[in-house]
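Participant: Okay, here's what each chain looks like letter by letter:
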Amino acid sequence: MKRFKALVLAGVLAMSLVFGACGSDAGTAGKPAGGNTNKVIKVGVVNNPPSESGYREANVKDMEAVFSKENGYELHTFYNIKNDEQLQAAQGFITEGVDYLLISAAETTGWDEVLKKAKEAGIKVYLFDRMIDVDESLYEAAVVSDMSKEGETAVNWLLAQNLSEYKVVHIQGAMGSDAQIGRTGALDAQFNSGKMKKVVQQTATWDEAEAKKIVESVINSGEDFNVIYAENDGMAKGAVAALDEAGITHGVNGKVIVMGFDCNKWALRELKAGAWNYDGQCSPFQAKIISDLIKGVTTASSKKIINEEKGFDAKELTDDDINTYGLGE
Amino acid sequence: MKNKNLNGFKLNLGQLTIPIIAICLLIIFNLIRDPSFFAIEITHNNDGNAVLAGNLISIINGASELAILAMGMTLVTAACGGQDISVGAAAAIAGSAFVKILKSTDSINGGTVLFAFLFACIVAMLFGTFNGTLVAVFKIQPMIATLILYTCGRSIAYWINGGATPTVSSPIINAIGSFIPGIPVPTPVLIVITGAVIFKLVFHFTSLELLTQSVGINGSAARLNGINATFIKLLSFIILGACVAVAGCIGVSRLGLINHETLLIDVEMDAILAVAIGGNNLGGGKFKISGSIIGAYVIQMLTITLYAMKVSSTDVKAYKAIVIVLLVVIGSPVIKARFAKLWSRFQSGRQKVSTKGAE
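Heads up: the protein sequence lines correspond to chains A and B, in order.
First residue of the first sequence? That's 1 in my numbering, and the numbers climb one at a time after it.
First residue of the second sequence? That's 330 in my numbering, and the numbers climb one at a time after it.
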């Protein structure tokens, strides 16, 4: 009995803490839109902080734009990189009585209890960007990126260039990250099948300067290559700097094909200028898909919805694409 | 007579023995492995300028930021008997400040670049003052004091520009980061030379070197002799701040982009290492900046050698660690003393032999 009491007490304490924490963060959320909309939909978003990356910044902005007052939503947000604090915030949203809970979790574990509570309270849960290790019945749908598909799209584009030979310098991201594994996989398959030749495969752990050093050492070794496959935009830029210093032409009419990922706006402009050839998208725009699901415009065909992602070819890229799909400024 | 000469030679090298031996070993190793490693050629870059290229150029060019940081780090080490571990984070802040100014102007010209650089310098020196105050005034261990900025520095860098990887593009920035048209030597190398000359001149015309050493050897004794130890320590951190700003601006200029998370990441450890390989006492006191500069090139040469051998970059750190352990152990006082003993015994033995032969 004593134990139970203590538990309840702890629970109440935690709740009050959460309210305190959320009050400041959620306080800025808009008031219900008056007038023609009949019912305001309350949405609670638990996400990582925008400072995490350019991807996250775009992701947060997109959420805030789609779940706006004008679209008939009341948005409550909580941004933190710690799983514990995210869990508390989610609890807070549940007690507050939101209609929908949208989660991009810091970690994949620990969410069982909270999601069960949400289900009991009749709150519908959508996951975005990241999966969580829970039973599928606990959420409506998960809108995520398929990193290996990003790699496949890019490699298929490369194959469609019909080069007589493929000598690839492959610069990898931080080993073991989702993006690295996904984007490496498709290319590794080509190396193994012998269709493409691996000149060098090194990780620069997302570091632009390191990528430049790696490409420099390849150039100094005198080995020939005609493709640079960098797993993000920054590393592609580093690689291009090394090419520029060595007087090796690159891009649309150049000797070396340059490929990057992430679709930062500045990278797409490099594409437009013809200095690079390809940029693969990692789309942070899940808000529209979820909004459509909530409003019943579309229905989820399965629990896991793969966010459609594009790859841009320098020859077909338009200014509209840069504005629509580019990240950052 | 001959022996005296040999001893004299040894004394002249002094603390530079280890770094010079290290760089010679690396050169010999590469000569045996692949003599073409040292090939230097003149190519034309994509702007149409004739420029030098080759592994050696990559080494000297790539180590620029490290060499500049190692200079400042040597001074802090000598004066405070501890190291600043926040230089990487501080360089990210300085670089962000540099980019912030450049982005807020409509057109980038020489004046705005200079102004942006000076602004970055002031920002970095302010953070240097912060570290220095904690160390010199509040007598906090340098590593603990700078741990604060090490932890929060990159977040501060994020706040300055917001968003990820802001870019700046301008021929001037490109010239700073790679080549000035008409000059075949990479600009960062020229900046390192300028930095080294400035240090040399300052040491020549002021007593900073002597004051720093005396504060480092015994702070209270220095104070009793009328040296303002607090000020000297603070000054060393402010000078390191200026070095940090230069390194940060070079780092940004190389690619015309700042990624606050990866700019000069882990450089603090390499900088401390360069100071250690340079034969400087990490506990403060006597120092030689030239040793640290050679140390920086040793580290970079090691990295480039490993890359040239196609060692996977994930393994590079492990190989680097092995070589560095060897260097540091060989340079340690215990081994040095053993070696000196062995040497003198060897010489006296030879002398005996020669006198015997004379008889």
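Hints are not guaranteed to be accurate.
Unchecked claim - A few chain B positions that, by computed beta-carbon distances, are all more than 10 Å from chain A:
#  : residue
1  : 447
2  : 476
3  : 491
4  : 519
5  : 531
6  : 533
7  : 553
8  : 593
9  : 594
10 : 658
11 : 666
12 : 673
As the list claims (entries may be wrong) - Computed Cβ-Cβ distance ranges for the label pairs, DEER-style:
#  : chain 1 : residue 1 : chain 2 : residue 2 : range
13 : A       : 308       : B       : 527       : 52 to 58 Å
14 : B       : 369       : A       : 159       : 46 to 52 Å
15 : A       : 148       : B       : 438       : 42 to 48 Å
Stated by the list, open to error - Derived, one-sided and incomplete: chain A residues facing chain B with beta-carbon distance under 8 Å:
#  : residue
16 : 175
17 : 177
18 : 178
19 : 194
20 : 200
21 : 206
22 : 209
23 : 217
24 : 247
25 : 249
26 : 251
Worth flagging that the hints you see were computed from the coordinates, not collected in a lab.
Owing to the predicted nature of the structure, the values given are computational and were not obtained by experimental measurement.
All C-beta atoms in this analysis are idealised placements derived from N, C-alpha and C, irrespective of residue type, glycine included.
Participant: Would you assess whether residue 594 of chain B, listed as outside the interface, keeps its beta-carbon beyond 10 Å of every beta-carbon in chain A?
Facilitator: violated, 6 Å
Participant: Confirm or reject the statement that residue 673 of chain B sits farther than 10 Å, beta carbon to beta carbon, from all of chain A.
Facilitator: Non-interface label on residue 673 of chain B holds, nearest chain A Cβ at 44 Å vs cutoff 10 Å.
Participant: Does residue 447 of chain B sit more than 10 Å from chain A, CB to CB?
Facilitator: holds, 24 Å
Participant: Taking the least C-beta to C-beta distance, is residue 247 of chain A closer than 8 Å to chain B?
Facilitator: Result: holds, 5 Å to nearest chain B Cβ.
Participant: Residue 666 of chain B clear of chain A by more than 10 Å, beta carbon to beta carbon?
Facilitator: Holds, because the least Cβ-Cβ distance between residue 666 of chain B and chain A comes to about 38 Å, which exceeds 10 Å.
Participant: Holds or violated: is there a CB of chain B closer than 8 Å to the CB of residue 200 of chain A?
Facilitator: holds, 7 Å
Participant: Say whether it holds or is violated: residue 519 of chain B keeps its Cβ farther than 10 Å from all Cβ of chain A.
Facilitator: holds, 15 Å
Participant: Is the interface hint satisfied for residue 175 of chain A? The criterion is a beta-carbon contact with chain B at less than 8 Å.
Facilitator: Holds. Min distance 6 Å.
Participant: Does the Cβ distance between residue 369 of chain B and residue 159 of chain A fall inside 46 to 52 Å?
Facilitator: Taking Cβ atoms as reference, residue 369 of chain B and residue 159 of chain A lie about 38 Å apart, which means the hint is violated.
Participant: Can we trust that residue 658 of chain B is non-interface, i.e. its beta-carbon lies farther than 10 Å from all of chain A?
Facilitator: With a cut-off of 10 Å, residue 658 of chain B remains clear of chain A, as the shortest Cβ separation is near 28 Å.
Participant: At 10 Å, judged by beta carbons, does residue 593 of chain B keep clear of chain A as stated?
Facilitator: At about 8 Å from chain A, residue 593 of chain B fails to clear the 10 Å cut-off, so the statement is violated.
Participant: That 52 to 58 Å hint for residue 308 of chain A and residue 527 of chain B (C-beta), does it hold up?
Facilitator: Taking Cβ atoms as reference, residue 308 of chain A and residue 527 of chain B lie about 56 Å apart, which means the hint holds.
Hint compliance for this structure: hints 3, 8, 9, 14, 17, 18, 19 and 26 are broken, all remaining hints hold.
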